[in-house]
Amino acid sequence: MNLTSLLLPERIDLDIKARKKNDVLRELVRMVKPGDGAEQLLQTLLKREELGSTGIGKGIAIPHGRSLLTDKLEVAVGRSVKGVDFDSIDKKPAHLFFLIVAPPQDRGNQYLITLGRVAMVCQELAKEKRLFDPQTPEEFVQLVEKLEGKIR
Amino acid sequence: MNPKIETLRSLEEFDLILRDIDSEDYQAVGFKGVKASSEFIKTAERERAKLTKKIDPQLLAQYHRIMKRYGGRVVVQVIREFCGGCYVKLPSELAVRCRTEVVACPNCGRFLFYVK
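Going line by line, the protein sequences match chains A and B. The numbers in the first sequence follow this note's numbering, run straight up by one, and end at 152. The numbers in the second sequence follow this note's numbering, run straight up by one, and end at 116.
Hints in this document: simulated from the structure, not taken from any laboratory. Fair warning: there could be bad hints in the mix.
25 Å max Cα-Cα, derived SDA-like pairs, lysine to any residue [what the hints assert, rightly or not]: (1) B:Lys4 <-> B:Ser38; (2) B:Lys35 <-> A:Leu8; (3) B:Lys50 <-> A:Leu69; (4) A:Lys33 <-> B:Arg99; (5) A:Lys72 <-> B:Tyr114; (6) A:Lys91 <-> A:Glu27; (7) B:Lys42 <-> A:Gly57; (8) A:Lys33 <-> B:Arg73; (9) B:Lys35 <-> A:Gln43; (10) A:Lys91 <-> B:Ser38; (11) A:Lys72 <-> B:Gly109; (12) A:Lys33 <-> A:Leu8.
Stretch by stretch, here's where chain B covers chain A in the computed footprint (C-beta under 8 Å, at least three residues) [what the hints assert, rightly or not]: (13) 43 to 53; (14) 114 to 121.
Cβ coordinates follow ideal geometry from the N, Cα and C atoms, glycine included.
Take the sequences, apply the hints, and build the full model.
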């Protein structure tokens with residue numbers, strides 16, 4: 001499964017306004033679960049963060065978790081130009097947030113495969129210093145597609 | 001959602017997080033640091049205890065029994081009067097009661113919840 005098939009332009013916000021970790025998660029959750037279940041999903045993600053930040057450094061965070069309230073893999077992306085303290089491993093602010101939510105069980109372990117691909121694509125993004133290149137969600141998807149091609 | 005079912009749901013999601021963190025695939029993704037952290041076990045136990053202490057011992061025992069039997073999917077959604085775990089058609093009154101009460105599927109024993 002390509003990452004681009006999971007990236008919906010309406011779930012990509014390249015100018016999120018949140019300035020705190022919890023608020024970033026709330027904005028991302030709102031994109032994948034606008035109504036019922038949003039608060040529950042947020043709590044699940046916060047529990048995961050309690051165990052160790054999903055801020056992998058170089059300005060990137062990949063919050064993720066499984067939810068009983070979803071039946072398919074869902075992704076949302078947020079970007080903050082100012083950056084947000086996400087307790088990242090390198091202690092630096094995170095700018096790009098890739099939320100991944102999966103159902104309790106998934107065929108072929110797509111969740112962890114997707115998580116791995118997101119981590120690799122994000123590392124390429126950081127390495128090439130292109131976090132801030134895309135100006136529209138469509139441009140972001142195109143860039144991910146290009147970088148995903150590189151890691152195949 | 002019934003608050004007891006809500007807590008059971010949170011517990012299952014937390015257990016899923018721990019299961020994933022423990023898997024080799026997850027370690028390979030690049031989140032090795034989580035489990036390697038000296039704080040990890042302490043934090044995991046503390047966070048899990050926060051949830052389990054809110055659950056009646058009887059329900060918790062049932063949760064563990066179902067988890068052991070099926071390896072997951074302990075708390076499942078009712079989809080159009082069908083159990084989301086074993087897909088058996090539920091009696092209509094049960095499908096309604098699970099909106100407010102703690103109800104288990106008469107076929108597989110999984111806890112049922114309903115969302116609009």
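Verification of the hints:
Taking the CA atoms of lysine 4 of chain B and serine 38 of chain B, the gap is about 32 Å. The hint is violated against a cut of 25 Å. Distance hint between lysine 35 of chain B and leucine 8 of chain A is unfulfilled; the C-alpha atoms sit about 32 Å from each other, more than 25 Å. About 21 Å separates the Cα atoms of lysine 50 of chain B and leucine 69 of chain A, which keeps this hinted pair within 25 Å; it holds. In summary, the hint linking lysine 33 of chain A to arginine 99 of chain B is supported, as the alpha carbons are separated by about 20 Å, within the 25 Å threshold.
For the hint linking lysine 72 of chain A to tyrosine 114 of chain B, the alpha-carbon distance of about 17 Å falls within 25 Å, and the restraint holds. Distance check on the hinted pair: lysine 91 of chain A and glutamate 27 of chain A sit about 22 Å apart at the alpha-carbon level, within 25 Å; holds. For a cut-off of 25 Å, the pair hint linking lysine 42 of chain B to glycine 57 of chain A stands: about 24 Å separates their Cα positions. The suggested pairing of lysine 33 of chain A with arginine 73 of chain B holds, with an alpha-carbon distance near 21 Å, which does not exceed 25 Å.
Between the alpha carbons of lysine 35 of chain B and glutamine 43 of chain A the distance comes to roughly 20 Å, so the proposed pair stays at or under 25 Å and holds. At most 25 Å may separate the alpha-carbon atoms for a hinted pair to count; lysine 91 of chain A and serine 38 of chain B meet this at roughly 18 Å. Pair hint lysine 72 of chain A plus glycine 109 of chain B holds up; C-alpha atoms about 24 Å apart against a cutoff of 25 Å. Using a Cα cut-off of 25 Å, the hinted pair lysine 33 of chain A and leucine 8 of chain A holds, with the two alpha carbons roughly 14 Å apart.
Here's how the stretch 43 to 53 of chain A fares: 7 of its residues keep a CB closer than 8 Å to some CB of chain B, so the rule of at least three is met and the hint holds. With 3 residues bearing a CB less than 8 Å from a CB of chain B, the stretch 114 to 121 of chain A meets the requirement of three and the coverage assertion stands.
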